[in-house]
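On the provided structure of chain A, position chain B as indicated by the hints.
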Amino acid sequence: MAKTVAEINEKIKKGQAVVVTADEIIDIAKKKGISQTAKEVDVVTTGTFGPMCGSGAYFNVGHTKPRIKLGGGKVYLNDVLAYTGIAAVDIFLGATALPDDDPKNRIYPGEFRYGGGHVIEELVAGKDVRLMATAYGTDCYPRRKLETLINIKDMNEAVLFNVRNAYQNYNVAVNLSDRIIYTYMGVLKPKLGNANYSTSGQLSPLFNDPYYKTIGIGTKIFLGGGTGYVVWQGTQHNPNVLRGDNGVPKRGAGTLAVIGDLKQMKPKWLVGTSFLGYGCTLTVGIGVPIPVLSEEMLRYTLVTDAEIFAPVVDYSEAYPQRKPDILGEVSYAELKGGMIKVKGQKVPTASLSSYPGAVEIAGILKEWIKKGNFLLTEPVAPLPGVESGIVFKPLEERPIP
Amino acid sequence: MAAVSKRLVLHFPKRLTNEPIVYKLVKDFGLEFNIIKASVTPGEEGLLVMELIGEQRNYDKGVKYLTETGVKIQSLSQDVVWNESRCTHCGACITLCPTGAFSLEPTTRKVSFDHTKCVVCELCIKACPPRAMELYF
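These protein sequences, in sequence, are chains A and B. Per our numbering: the first sequence = residues 1 to 401. Per our numbering: the second sequence = residues 1 to 137.
If we strip away everything but chain B, and leave its shape as in the complex, we get:
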């Protein structure tokens, strides 16, 4: 059975922000999750960006469960890509990225971009002086 790993943006309506939804994904469907970004306050609309990992069958069931519960699912279709050939390795991005997706190699001070930490907030896109960060849809 093929395992899948997908990054999703989940929008919770107000009534669901008190529900243990992620717990159910784990317990009932055996899915693994990795929360990339979360903004869930009881009584307000919630937002959860996460990576969902598991067998295809379980993944489909989990997504079905989410949809039926009333969670709006959006796949993370926008993608931030580091155009390394345009990067001058200045490092201006390091302190701007809210999730720490950029780091400097300590001795060479070369920049690297950890795509898995990126939440596509797009802050780096316009703040990069040589514009080496690109947004794809």
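Same shape as in the complex, but just chain A:
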């Protein structure tokens, strides 16, 4: 019964494609059986909406008269430093960038109320942003100073380019110490006071295609409320981790690098985010369609929260000291149930990734495809899989002579 992406696209164009979310497919397959479901369903949509620090955007702001060479100079957008080490009026703004005068953790725990992620959210919302720049001046770019308001609609390009998003699984963070700690996994109360996790579980893109059989370079996706593409594996992409019999990684594994035109995205799905005592980032909405090309692909999409496991890691000692120790494994069914057991102790759980957001994204993508507004793409190259032999390397320091 194998289908091709081209065949599915023909059905999408006719408005006849059968599209369901990764939540819905589970019950459908239970009722109808694998072979019938694989025949009937064409696409399964996934979603995730969580803080993703590997996010940023690049802009071409246009040339001033007389010209200024921002490249090699300094540029601030709403006081947040952007990277200028590229072409004359191209800049890159990272989600975790902070204003120079933010006290950061000098006043502990720092609030980190505004950073690169917030600037991106404001730009997407259509708000004017202050651009302040200094440059060194050249014969062809004589100006040395620029202060102006700028709006995304006036830029030549505004492109979201995230080097690491949609982590395939992640740690459950706890705190074994006797003091409160402030981490990128949220505020962790002492002595196992709480446990924070951050994936959408059975709705998460890479849990539904654990071996990257359909998601590859060129895959068209829902990105930040608009459309985008997978352009590469994300940084730290590590397919070679412990996996369950269902192929689903039990540790942080694959990641995606994604790109898309920021001008067609929505602030609802790109939200500037602050982690007390840690820093700023961007909460990003991503949805990936998975074509049901075979019964095998269907089986991958049937994975449930009870069959996906994450490691529990102490963020007071093991994580900062890069110790490999884990305190055990728990399923996403347990995590979503609100309570897990760690070292015999009951620990209440909370999520940093929004499940309602993930559900909404999977639903929006489903509607786009059903209405014929979103065609699937076939990857032009696969992401590195288990066979790639990728090893996730730490930085081993060497003295400089």
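Simulated from the structure, these hints should not be mistaken for laboratory data. No residue lacks a Cβ here, since even glycine has one placed at the ideal position from N, Cα and C. Watch out, some of these pointers could steer you wrong.
Chain B stretches covered by chain A per the calculated footprint, using a threshold of three residues with CB under 8 angstroms from any CB of chain A [what the hints assert, rightly or not]:
#1 91-104
#2 107-118
#3 126-137
Heads up, simulated DSSO-like pairs for lysine-lysine below, C-alpha to C-alpha not over 27 angstroms straight-line [what the hints assert, rightly or not]:
#4 A/Lys-346 with B/Lys-126
#5 A/Lys-189 with B/Lys-110
#6 A/Lys-189 with A/Lys-11
#7 B/Lys-110 with A/Lys-336
#8 B/Lys-110 with A/Lys-266
Using the frame of chain A, we list chain B on its own:
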């Protein structure tokens, strides 16, 4: 007669922490109370955050009684407000709130905020990643 319901912060000096003050509010003035937060240890300064409900006349008498006894009254003028349009419904607040003012709707997992359980400790304000909890004075 109009009924009133007000949230108050009561500071007890040391000498009053052994007195049955709340009992008197009920018995002598017919007021209803709902304790939101209490930290009263005999021999130490005490703190009681409560909602006081009753007829205006009785409420005024009760407050007069408290003042005359030596209890310092502060109305709960700060208010924590949930800016739902900024909330991403991640749920990070759920385990941080000491009074359980946040809950998740079991099927949709959407966050809701029960204002009546809030004691304005402000823990959620800075811990909310999209900063959807706001403090008003």
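Verification of the supplied hints:
1. 91-104: Coverage by chain A holds for the region 91-104 of chain B (7 residues, Cβ < 8 angstroms).
2. 107-118: Holds: 3 residues of the region 107-118 of chain B have a Cβ under 8 angstroms from chain A.
3. 126-137: holds (count 5)
4. A/Lys-346 with B/Lys-126: Roughly 26 angstroms between the alpha carbons, so the hint for A/Lys-346 and B/Lys-126 holds.
5. A/Lys-189 with B/Lys-110: 23 angstroms, holds
6. A/Lys-189 with A/Lys-11: With a Cα-Cα distance of about 51 angstroms, the restraint between A/Lys-189 and A/Lys-11 is violated, given a limit of 27 angstroms.
7. B/Lys-110 with A/Lys-336: 12 angstroms, holds
8. B/Lys-110 with A/Lys-266: 21 angstroms, holds
The structure does not agree with numbered hint 6 stated previously, though it agrees with all others.
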